[in-house]
Structure formats: structure tokens, C-alpha cells
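Following the hints, complete the assembly by docking chain B onto the known chain A.
These are the residues of each chain, in order.
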Amino acid sequence: MAARLRFITCGSVDDGKSTLLGRLLYDAGAVLEDQLDALRRDSRRLHGEESLDFALLTDGLEAEREQGITIDVAWRYFHTMRRHFIVADCPGHEQYTRNMATGASQAELAVVLVDARKGLLAQTRRHSYICALMGIRQVILAVNKMDLVGFDADVYASIVEPYRALAARLGIETIHALPVVAPDGDNVGAHSARMPWYTGPTLLELLESAEAEPAPPRAFRLPVQWVNRADADFRGYAGTVSGGRVAVGDEVVVQPAMQRARVARIVTADGDLAAAAHGQAVTLCLDREVDASRGDVIASAAEPAPVADQFGCHLIWMDEAPLLPNRSYLLRLGTRTVNARVTAIKHKVDVNTQAELAARRLELNEVGYCNVDIDQPVPFERYADNRTLGGFVLIDRQSNATVAAGMIDFALRRASNIHWQHTDVDKAMRALAKGQQPLCLWFTGLSGAGKSTIANLVERRLAAQGFHTYLLDGDNLRHGLNVDLGFTAEARVENVRRVAEVAALMVDAGLIVLVCVISPFRSEREFARSRFAEGEFVEIFVDTPLAECERRDPKGLYRKARAGEIRNFTGIDSPYEPPLQPELHLHAEGRRAEQLAEEVLAKVAALQTRAD
Amino acid sequence: MTQHLDLLEAESIYILREVFASFQKPVMLYSLGKDSQVLLHLLRKASFPARPPLPLLHVDTLWKFREMIALRERVAARGDVEVLVHVNEEGVRQGISPLVHGAAVHTDIMKTQALKQALDKYGFDAAIGGARRDEEKSRAKERVFSFRNAQHRWDPKRQRPELWQAYNTRLSPGESVRVFPLSNWTELDVWRYIRREGIEVVPLYFAAERPVVARDGTWILAEDARFVPRPGERVERRRVRFRTLGCWPLTGAIESQADTLDKIIDEMERSRSSERQGRLIDHNATNSMERKKQEGYF
Numbered sequence: 027m028a029a030r031l032r033f034i035t036c037g038s039v040d041d042g043k044s045t046l047l048g049r050l051l052y053d054a055g056a057v058l059e060d061q062l063d064a065l066r067r068d069s070r071r072l073h074g075e076e077s078l079d080f081a082l083l084t085d086g087l088e089a090e091r092e093q094g095i096t097i098d099v100a101w102r103y104f105h106t107m108r109r110h111f112i113v114a115d116c117p118g119h120e121q122y123t124r125n126m127a128t129g130a131s132q133a134e135l136a137v138v139l140v141d142a143r144k145g146l147l148a149q150t151r152r153h154s155y156i157c158a159l160m161g162i163r164q165v166i167l168a169v170n171k172m173d174l175v176g177f178d179a180d181v182y183a184s185i186v187e188p189y190r191a192l193a194a195r196l197g198i199e200t201i202h203a204l205p206v207v208a209p210d211g212d213n214v215g216a217h218s219a220r221m222p223w224y225t226g227p228t229l230l231e232l233l234e235s236a237e238a239e240p241a242p243p244r245a246f247r248l249p250v251q252w253v254n255r256a257d258a259d260f261r262g263y264a265g266t267v268s269g270g271r272v273a274v275g276d277e278v279v280v281q282p283a284m285q286r287a288r289v290a291r292i293v294t295a296d297g298d299l300a301a302a303a304h305g306q307a308v309t310l311c312l313d314r315e316v317d318a319s320r321g322d323v324i325a326s327a328a329e330p331a332p333v334a335d336q337f338g339c340h341l342i343w344m345d346e347a348p349l350l351p352n353r354s355y356l357l358r359l360g361t362r363t364v365n366a367r368v369t370a371i372k373h374k375v376d377v378n379t380q381a382e383l384a385a386r387r388l389e390l391n392e393v394g395y396c397n398v399d400i401d402q403p404v405p406f407e408r409y410a411d412n413r414t415l416g417g418f419v420l421i422d423r424q425s426n427a428t429v430a431a432g433m434i435d436f437a438l439r440r441a442s443n444i445h446w447q448h449t450d451v452d453k454a455m456r457a458l459a460k461g462q463q464p465l466c467l468w469f470t471g472l473s474g475a476g477k478s479t480i481a482n483l484v485e486r487r488l489a490a491q492g493f494h495t496y497l498l499d500g501d502n503l504r505h506g507l508n509v510d511l512g513f514t515a516e517a518r519v520e521n522v523r524r525v526a527e528v529a530a531l532m533v534d535a536g537l538i539v540l541v542c543v544i545s546p547f548r549s550e551r552e553f554a555r556s557r558f559a560e561g562e563f564v565e566i567f568v569d570t571p572l573a574e575c576e577r578r579d580p581k582g583l584y585r586k587a588r589a590g591e592i593r594n595f596t597g598i599d600s601p602y603e604p605p606l607q608p609e610l611h612l613h614a615e616g617r618r619a620e621q622l623a624e625e626v627l628a629k630v631a632a633l634q635t636r637a638d
Numbered sequence: 086m087t088q089h090l091d092l093l094e095a096e097s098i099y100i101l102r103e104v105f106a107s108f109q110k111p112v113m114l115y116s117l118g119k120d121s122q123v124l125l126h127l128l129r130k131a132s133f134p135a136r137p138p139l140p141l142l143h144v145d146t147l148w149k150f151r152e153m154i155a156l157r158e159r160v161a162a163r164g165d166v167e168v169l170v171h172v173n174e175e176g177v178r179q180g181i182s183p184l185v186h187g188a189a190v191h192t193d194i195m196k197t198q199a200l201k202q203a204l205d206k207y208g209f210d211a212a213i214g215g216a217r218r219d220e221e222k223s224r225a226k227e228r229v230f231s232f233r234n235a236q237h238r239w240d241p242k243r244q245r246p247e248l249w250q251a252y253n254t255r256l257s258p259g260e261s262v263r264v265f266p267l268s269n270w271t272e273l274d275v276w277r278y279i280r281r282e283g284i285e286v287v288p289l290y291f292a293a294e295r296p297v298v299a300r301d302g303t304w305i306l307a308e309d310a311r312f313v314p315r316p317g318e319r320v321e322r323r324r325v326r327f328r329t330l331g332c333w334p335l336t337g338a339i340e341s342q343a344d345t346l347d348k349i350i351d352e353m354e355r356s357r358s359s360e361r362q363g364r365l366i367d368h369n370a371t372n373s374m375e376r377k378k379q380e381g382y383f
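In order, the protein sequence lines correspond to chains A and B. One gets this note's numbering by counting positions in the first sequence from 1 and adding 26 to each. One gets this note's numbering by counting positions in the second sequence from 1 and adding 85 to each.
This is chain A alone, in the form it adopts within the complex:
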């Protein structure tokens, strides 16, 4: 029997994908009697006629049945005498493109449907592009509704030819085309008498004979999933081989730390193995103590994976909130999760024409080519070589939503060419010389909340007590370091990133730094926090109601914002996300700045005592 085949059906809405898949299942004998009875009932109820609506076999959600569309991927399983199949029925609507990409990430082949009356549509091109991007190298083009164009071979040819040209441009290697009538089953499970001019294989035959997975990656890779400590003497690294083969005695290297060892045992519940290959879930024991944990990669010592902390990659953006360059996201690659940010959108891709367009952000369902920077070097592969170590997801730090799929193209060289210069005098020594615990006091709150006033009082008192301090004020920095930045969401992200980096350097220098920036987004404040050691970062929420800030309006900005003279003003036409768990929450209304400064000083004093 041929190896299992995973495929997807895609194409524009109303091209008949769900119907074709339902018909395919029916012809393959995968629809059982009681399901057929239910289908007859549902078809009659919805359409009041005798014919079967095969789409009802797969559109299982209430909203899908109400609207007659597919919202999310439906997974179906069937087999013939020749092979097992897993098929993902993907939605056609543009707004659900992310679900289509999800299906494509699990598939080796795509059945692309086209309505013979309409020819190639924007969604045909979009889906074919995403299939190619996801690494699908074989497409079956099913030209559907041939009965509505009089079974005309010329109409068929006029669709197939431009599609072949499109596929070649996208790098899809294998194209099979065939004419079908999905509800009647022409050329689905059996040859059609109505189109004698088509003499090729049926859809089912094409699927039965298609290539399964492309050759797996050659070099041995095992992302460590879970460290198994069965007892004091047993330490095994559990994971699934994602490329190549490993045998007992092989020399391996634990990446990224590059510790060498030999494989002592390959443990499974069914007994030890002499060797394990791509796709097998095993547990490796090594012949010496190494410090390996979840996220590391055990690789062939002769051919280790490349290691980098900057990539060029394609991103498919999947969230309603847009991608903002320089915002910090979590990146999950293999079994490792790290902090990452997109440093540049080189271009976005018009998925209909594949034209490269300039972009400052990516919106839902947009594809871009980006540079990604992560906060530590990780082992990876090109996506084209290894989906497991070349495909990643980005996760929003606040909502935990999966916001993007990424496909690594190559490492950016400049990362490996810039080394961290070791210095003999370190943070601890500098702090000791100053006799203080370095801190970052991060004041956040609306414009006019009183951040700078309070911080100024705090710094004056600290200086008087002999502490070494510096005050970074957002407004002042915009005259120099951040002179090039405006007030769009993208610019605010970059503004806060720069301030956080400068503050981190000053804390490294041993100072107590007071930062006053509105910093309206939680994500960026979380990023700022991530630049500091535990206990060094003190988030201070100066909580003054908007009405009060607006009444004070020390710089006259609220008046201008209300008059429409300033755009993107926090609290007016741009959001402020209050901290959920600040180290210090200053309820500022009706209290004097001196009282609030006392609260901050008490907090600083407590942290200084603990440092002693």
C-alpha cells in the first residue's frame, strides 16, 4: 500500500469544494448508511428536492450551514484499497485565509478548484500562492461545473493553460488537471461519459498515485521535547526525529551550546532500538552528562544545523491587530520559544499578482517578507529543507493568540558577524562602586497624568541622598534620539523600544534610571521589562483619570487633539492599555505629587535594603 497522503481542497468560495470533497468521499465508499440517511434528510430540508447536497457532509458548524459557506477547516479521513487519506476541506472566503494556510501546513498536495464559468479568480491565485509558500509542490487542478459550459473542451483548455503558467511561476512542480462535475461525480470516482475528450485519470486515481511526502531532510535532527527523568539514574531526551537517521554510537551535538556526545541508547516502550529515522518518537540517552533541555536540538555532529539570531523569512499575518515592526512577540520554532521582533518589512506581496509592495505594517491575511530578530541564537533550517525547524509561529504576548506563520528563508549574516564584546568591568562591579542597587523606575500613564512631575521630585530626593540617577523623559528624547519618530502605533513601538534599550544600558552602568513615557501598549512595556533582570524593573502606573488630565492640560495638547489638530493622541483617538499588575499603582486623583513621590521613594528604599 502507498504511504498515507495528506491533501487539502481549496479555491474560491462557491467553486464547489465541499461538494467535490463530499462526492469524493461518497465515491470512495466512505459515507456510511446512517450518514447518507442524514444527508438525504438535510438535503431535503434545505433544498426541498431529491438530489443530494454533498457539501452538507463536511460543513458541520451551525454558522456554516446557515450561510452555506465553509468557515474552518474540516478534517476527513478515508481509505481505498490502495492508500489512506487525510484531507482538509479549506474555506474559500478571503477572511478565512489563515484557516486555509493552517490546512496547507499539514498537506503534501492541494486540489485547487476552479468554476469553469469563471476561470481563474483572485482566490485561485491567492490559494495557489499560499500553497507554494507552504511548500506544497503538487497541485491537482479540478475544473468544476463543466456541465454549465456544455462540457466544452476549449473552455477547459482556456483555464488549464494560464493555470500552468501561474503554477510554474510559483514553483509548483507537478500539475495534474482534469474536468469534473462535482455533484454528479464526473471524473471524480469514475470516468465521465459526458466528456469523452478527457482520457486522463479520475480524481481518485490521481490521489491514489500521487507522491507522498517529499524526501525527508537528510541530516539527523531531534528537537528535544521533554527531558525524561524516570529515576535518579535515567536521563533521556524525548522527541520526534525531524530529519535523517540516528544509530547507537553516532556522534551528536546538542545545539545551540554545541556540546558533543555519543548516542548510548535509543529507548522506546517496545524495547531499545539500534537506529531511529524521520518521524519516529523516541527517547535518546547520551554517553555523557550534557546540559540539554526542551528547545535544544540534538543533531548530527558531522552536519549540525545552522545557528542564528536573525532571519529573512516570509510571514503570513493571521491576526485582526496588525503586525507592528519592533513589537516583541513570542516565536515558537521546533520545541523552542524565544522573544522575537520583526525589524523590517522588506516588502509585502500582492498575493494576486505576486507583485512586491512597500509596507509599514501587515494586516490580517497579508504576506510579507521580513527580517526577524530573536533574543538568542537558535538552531534552525531553511523551510524548504525542513518544515519542523524552518516553520515557526508568532504568538502575541498579551492575548496569547497565534498571530503569524513564518517560513525561514536564510540567516542574516550580520548577526553572526557582530559579537558581544566581553568587558572586564561588569554591572555588579559598577553597582558596587556606586554603592547602590541599579533600578529602572518606569513611569507610565496618560499625557498630563503627572509622570514627569513625580519623577522629578523622586530624582531630587534620591540625588540628595547620594544616589546616582538619571531621568529619561519621553518629550526630551524626542528632540534627539527619537527625533525621527511620529505618533503612529508603529512609531510608538519603536519609541519605547529605544528608550528601553537606553535605560537598560544605564542600569548596566549602575544607575537608578527614571523613565517617563506614556508607553500606551502593554506589549511594549513587557518588552521593556524583558530587558532587565528580575527585580530591576519597577513599573509605576500614574493613574490619573482622563477627565482630570484633560482639565490640567499642561501643554495644551488635549485642546488641540479635541480640535482635530493632533492625530493619534493617547486617550482621545489612540488607546491606552493600563497595566494589569504594576509594581506600584499610584492613584493620583486628589493627591499631591509630593505624596505620590513618597510612595515611590518607599518602594526604592525597600529594594535598596533587600539588595544589602
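Honestly, the hints are just simulated from the structure, not real lab data. These figures come from a predicted structure and were not determined experimentally. Just so it is clear, CB atoms sit at the ideal spot from N, CA and C, and this is done for glycine as well.
To spell it out: a stretch of chain A is covered by chain B in this simulated footprint if at least three of its residues, at any positions, have a beta carbon under 8 Å from a beta carbon of chain B; those stretches are:
| no. | stretch |
| --- | --- |
| 1 | 123 to 129 |
| 2 | 301 to 308 |
Now the stretches of chain B that chain A is said to cover, found in silico as 3 or more residues with beta-carbon under 8 Å:
| no. | stretch |
| --- | --- |
| 3 | 99 to 105 |
| 4 | 119 to 132 |
| 5 | 235 to 245 |
| 6 | 253 to 259 |
Just chain B now, with coordinates in the frame of chain A:
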């Protein structure tokens, strides 16, 4: 064929290990059916040679078949994995019964509400279940790591995209996930795997002569003294077996001669009806499973 089952096994082990590594307090929902037994077998394989690093939880409605409870006791006695049992005591006090209150009320109170109680009581953040996507249409739409909000609700329109095997396992406080390692298995795969691995299942899956009555187009087992025949019903002895097991008054048997694994697989290969047709709870309304799932049913 071997290759197909090997692939499924390896994928499931990968998913289970993601659960071990990613969650603070995971649990495996253990319902004593054939899928649960396969899941337990995979759980042992995934953690071998260590013991499974999480407990099993049986939500007992007190209307399970005796043979199921006997199997539970045998598994608990083996001692390599902790077996927790939870009953909705409030439901017991109210005297909730499938015979009196019907399938919908019984299932909601003794299964869905009971499950939520148990998850809240122990603070589990991940619950592994044996559901398969081939069982029902709304299941076919569900992710492997299926996200639930703090009220245990499933929103099919807001599922996380699930790319490759890069599962996003991050949760906010109060949220949880249901994890389905058998998503890509079919009923036939499950039986072939049971045969290949020699996994113990409840004897009710095998055909034997049993006391049954014909009710609602299926055979209901006269399991214990709580069974009262309705007017016109007659208890008779028939050679029957079960394809799926739930609460006995709600689970229909089929007439069958399949009393070995080989015969069951042979019967399945020739069967022209689906597994859940014997489950009365699925037949209440169109999309009833989707609605139950949105409310927190497994």
C-alpha cells in the same frame, strides 16, 4: 498498514509529550471506552520508562456499565498511574437519572457540569481526551489543542490557527485546553491498533448473549435493578455487542457475532453505519454536539 499505524502512534506520542512539557497541571479524561484504553497505552509509551506524569480522571455518572467500573478498578490496582473519580454530588442529590430526566438533562448535569466541577476543583489547565475527528461533524472542525475560556466554552470561530506541529500552548489565567491526541485516528485505526498492541478493552465490545430490550430502534441492555421495562417492552436474550460505550440506558448495542478482535475488525470493514448511531445523546437536534461542546461538554 504497519506504517500507517506507526505514523499515527508517533504523532500521538508527540502530542502527549507536548502536554507533559507545556502545562502546569494536566490530566487525562478517562472514560473507559476503547479510545480511552488506546490513549492510556499511548500515555505509557510517551513517558516510558517514567510513569505517566499525570493522573486519569473518570467523570462517573453512576450509570456506567459494571464491566467498565471493573476495568477502572483493574487499572487503578496496577498502580502506575493515579485514577481520580469525580461524581456530581449535587446531581445525585437531585436524583438525576437518564430514565427519568432524559438524555439531554442527564448528560448536561452528570457529564458536562460534572466535568467542569472536576476541572475547577483540581485546577487542571489541560485535559486530554480521546475524541477523534471522524466521530462527528463538529469534531472534524476542532483543533488538536482546543482552547477553552475561563467558562470552559469553545468558540469554533475563534480557534487558534494550528500550523505544522508548532502547537501554541500558552494560556491566560483561568483558561484551559482540551487536547485530542487521537484526532487523526479513525474507528478502524483504533481497533487495528488494539489488536496489534494487545490492549485490554471492556468485554462489552465483544458479542455475547445479553438480556436486552428493543427501544428507540436499538438494543438497550437491562444492566441492573434500575432498569424498568416500558409498557410493551420485553426483555429477551440476544447476541449483541457495543461499538461505543456511555451510560447504559443511553447506549444501544448492535446484533453481532463478532466475539474476537479479528471478527470485530472484519465486521467494521463491512459495516455500512457509523459508530455513534447507537448514541442516543447525539440525536436530539441537528448540531447538538456542537452546542454541547460550546457549553463545555468534552
